[in-house]
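Sequences and hints are given; from them, build the entire structure.
There are 2 protein chains.
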Amino acid sequence: MPQAMDLPRNEEGIATALGILKQQFGDRFHTGQAMRDQHAHTTTWIRAQAPDAVVFPASTKEVSGIVKVCATHEVPVIPFGTGTSLEGHVNAPAGGISVDLTQMDKILAVNAEDLDCVVQPGVTREQLNTYLRDRGLFFPIDPGANASLGGMASTRASGTNAVRYGTMKDNVLSLEAVMADGRIIRTAQRAKKTSAGYDMTRLLIGSEGTLGLITEITLKLQGIPEAISAARMSFPSIDAACQAVMTTIQYGIPVARIELMDELNVRAANAYAGLDLPETPLLLLEFHGSDSAVIEQAEMFGSIAEDVGGTDFAATATAEERNKLWKARHDLYWATLQLRPGAQGISTDVCVPISRLAEAVTGAQAKAAELDLLAPIVGHVGDGNFHSLVLIDMDNDDEVRRAEEFTAYLADEAIRMDGTCTGEHGIGQGKMPYLIKELGPTVEYMAAIKTALDPLNIMNPGKIFGPRR
Amino acid sequence: MPQAMDLPRNEEGIATALGILKQQFGDRFHTGQAMRDQHAHTTTWIRAQAPDAVVFPASTKEVSGIVKVCATHEVPVIPFGTGTSLEGHVNAPAGGISVDLTQMDKILAVNAEDLDCVVQPGVTREQLNTYLRDRGLFFPIDPGANASLGGMASTRASGTNAVRYGTMKDNVLSLEAVMADGRIIRTAQRAKKTSAGYDMTRLLIGSEGTLGLITEITLKLQGIPEAISAARMSFPSIDAACQAVMTTIQYGIPVARIELMDELNVRAANAYAGLDLPETPLLLLEFHGSDSAVIEQAEMFGSIAEDVGGTDFAATATAEERNKLWKARHDLYWATLQLRPGAQGISTDVCVPISRLAEAVTGAQAKAAELDLLAPIVGHVGDGNFHSLVLIDMDNDDEVRRAEEFTAYLADEAIRMDGTCTGEHGIGQGKMPYLIKELGPTVEYMAAIKTALDPLNIMNPGKIFGPRR
Chain A
1 MPQAMDLPRN EEGIATALGI LKQQFGDRFH TGQAMRDQHA HTTTWIRAQA PDAVVFPAST
61 KEVSGIVKVC ATHEVPVIPF GTGTSLEGHV NAPAGGISVD LTQMDKILAV NAEDLDCVVQ
121 PGVTREQLNT YLRDRGLFFP IDPGANASLG GMASTRASGT NAVRYGTMKD NVLSLEAVMA
181 DGRIIRTAQR AKKTSAGYDM TRLLIGSEGT LGLITEITLK LQGIPEAISA ARMSFPSIDA
241 ACQAVMTTIQ YGIPVARIEL MDELNVRAAN AYAGLDLPET PLLLLEFHGS DSAVIEQAEM
301 FGSIAEDVGG TDFAATATAE ERNKLWKARH DLYWATLQLR PGAQGISTDV CVPISRLAEA
361 VTGAQAKAAE LDLLAPIVGH VGDGNFHSLV LIDMDNDDEV RRAEEFTAYL ADEAIRMDGT
421 CTGEHGIGQG KMPYLIKELG PTVEYMAAIK TALDPLNIMN PGKIFGPRR
Chain B
1 MPQAMDLPRN EEGIATALGI LKQQFGDRFH TGQAMRDQHA HTTTWIRAQA PDAVVFPAST
61 KEVSGIVKVC ATHEVPVIPF GTGTSLEGHV NAPAGGISVD LTQMDKILAV NAEDLDCVVQ
121 PGVTREQLNT YLRDRGLFFP IDPGANASLG GMASTRASGT NAVRYGTMKD NVLSLEAVMA
181 DGRIIRTAQR AKKTSAGYDM TRLLIGSEGT LGLITEITLK LQGIPEAISA ARMSFPSIDA
241 ACQAVMTTIQ YGIPVARIEL MDELNVRAAN AYAGLDLPET PLLLLEFHGS DSAVIEQAEM
301 FGSIAEDVGG TDFAATATAE ERNKLWKARH DLYWATLQLR PGAQGISTDV CVPISRLAEA
361 VTGAQAKAAE LDLLAPIVGH VGDGNFHSLV LIDMDNDDEV RRAEEFTAYL ADEAIRMDGT
421 CTGEHGIGQG KMPYLIKELG PTVEYMAAIK TALDPLNIMN PGKIFGPRR
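Order-wise, the sequence lines are chains A and B.
Residue 292 in the UniProt record's numbering sits at position 292 of the first sequence, with consecutive numbering throughout.
Residue 61 in the UniProt record's numbering sits at position 61 of the second sequence, with consecutive numbering throughout.
To give an idea of the interface, some chain B residues facing chain A are shown, with a C-beta separation under 10 angstroms as derived from the structure:
1. Ser174
2. Ile185
3. Met200
4. Leu203
5. Gly212
6. Tyr251
7. His380
8. Asn385
9. Thr420
10. Glu424
11. His425
12. Gly440
Coverage of chain B stretches by chain A, computed from C-beta distances (three or more under 8 angstroms per stretch; other residues unrestricted):
13. 110 to 118
14. 166 to 173
15. 288 to 294
16. 341 to 353
The hints are simulated quantities; they were obtained by calculation from the structure and are not laboratory data.
Each residue gets a CB set at the ideal place from its N, CA and C atoms; glycine is no exception.
Here it is, written out as structure tokens:
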């Protein structure tokens, strides 16, 4: 499998660090095989590379202590949230210590007047939103999985709500992080705007643990909208659906979600949930606003979509019907896996300028057909981001090769269209060659920053830049 | 005056670079005193420090050539847009070459379907919006001055529309830049989202020319809203006005602008424009949306504001009346200078969490009174950002000292309130000690990045980090 090369291990340093951390952390320190394997397991096709130990710190100070031990003995530090990343981010190609942050799961402050909150990195998205609900607030970023907010920041996650609310880069005010020398920094104050020096907040967001370990996050919050409505519409073609998306965005209709499901996905959803949606491309939408605004927005969308051949428009403002409509979307991963029981699902993640979306999606469908792969497509199409879930038998070498050819094709095509090989999953181990294809010499300046801030290369080594950086 | 220390000059290198660039650029190369002085002049109280020469490149390739010459001979490179920065950003404390980008003023592409455009750095905000108007699009960031977009990106500018549309960090998709070694990079593709490696776009935005020279900018655009309405309301106190702002933001009313003018500013506006606004704190608002939405939003604001004692509500959806209402705000700089003809206006720029805004503004008013300074306040209060324009006689040493005490007080107070010494103007030469107060050891990691990307310290030296970094 690609990009999971083992890197040279510092056996002596690892042994020493293990001894020290075992002493310090007692029963919060683990070297059992099951625990180690669990911390290398990710929802990816990349081969697992287990760490040498897993430690569960309970405070920033403890994280700082761990990193200091690892810096002294030149041992890799791999942060771990919920393990839902998709590109081998939690693998330990050179061994080292997995720092599991699930015990740092406190919501430290909710500043309702300022629409922000401060959380530890192990707090999950759903945990936060459950906590906030009674206060009339919510955190909008929804990558699908119930990921930890530290992990979401580390990979610059986004998901279905990004078309309206942006990505993690747009929803973090400040970070506390432990740097490679073990020192603790805060990237910014809690003010909504700042021009105070380099944007260290945005530098750490998406750095995948390679520059520092995030130990606290100050997040922007949103008021729960007065009204939420949902709508769906079927289209005769991907082209028509994409045209409807483009026009909707151009008209400035503030859709909160606008998701594309291709024919295959609709078929999977019908089978999985017993629905009878027309088995043609489908757009699923959500609108947030005042009672009158959400009705107006749904109507405007309906009218735009009808003009390009949309049919079977259905809209609802009741929570029950809306949840039913969106459940099909949320269950899609499981539904599509049922298209080929026992297969491994490999998610691609390209993002292109929206004007190229139809071309990119139909190109992906054609390529999958050419390679005889089952690869249903779902997309956060308001942002030009879509995922093929390639369903393959990992024991069939030829299928694996074809899946690799398919993912390479998608990345190359996205780059050719002025898009990116990764809209929201990150580079990790899986996308390293595409990053270089995409940004060329820019990657050398990224690597110079990595070297400047982590000269020993102990922070999640072997990610983003590859073995030798 | 503070923070305008001269730095050691590399006389030999400067002389050599001047000779080479004169040869290469002919009549686009200037060493005349008037031209040099003009390029050190900024709307600031910081003493001017002229460059040794000014050069007008016409292309990225020419910029790259200039930087390569300067790198070879270790000569400072100071980018220049329109000279409207406020913290000594265009000063040349160690001499060097001012790179005037006004001839790089082409709008290279408008991708209406993708709501983005590509511009050279010398394009100004007004030039772009004039060009876009017929296409039904606009670029929302409005820092007041008709600044160049390259300069706005360099200082992470924002202004009156930021409460709705964000700052430059939120409205740039990608940058082309010439790095300190003269190489040209592109920070990202044109896709709306990306998780492809470190966020070099956001790292360069706000780096004030210290890491690279921005030569091309891909900007997000907005559709011109169907309707724009404006409103104003007077308040018995700063507290009441701030309470109205907080509730408006909490309710999620998507105000496009919400500006506070204190009593002194209203008096200045009345005198300057012949208005008869009540001389109490005033909020001035703008709403963007559909015809029905802007009316609904103005009404909701009016009702919120009335609850906290707001009076004299006036709203309008006609362009003529709206422009009249906003002209008073736009002319405020000139109007307030008339409060003390001949005085120099010194703008402060703190930004605090919105829950601390009333305390920060009234504290500033009290401190100005205590120091016997005339310092009217205007604020982008939806973001917690406000400016005192301190009106002083620069020949009166005691007044200058008191103004320094005032600006120091404001920065310290903002930092104490978890806010920042600069919401949108940047650090430049003027705010260096406050940056360290604000972010402490974080500044050392910023400096490490600076050293890694510009080891010779030729890119706008003496800014952000001070003489020795």
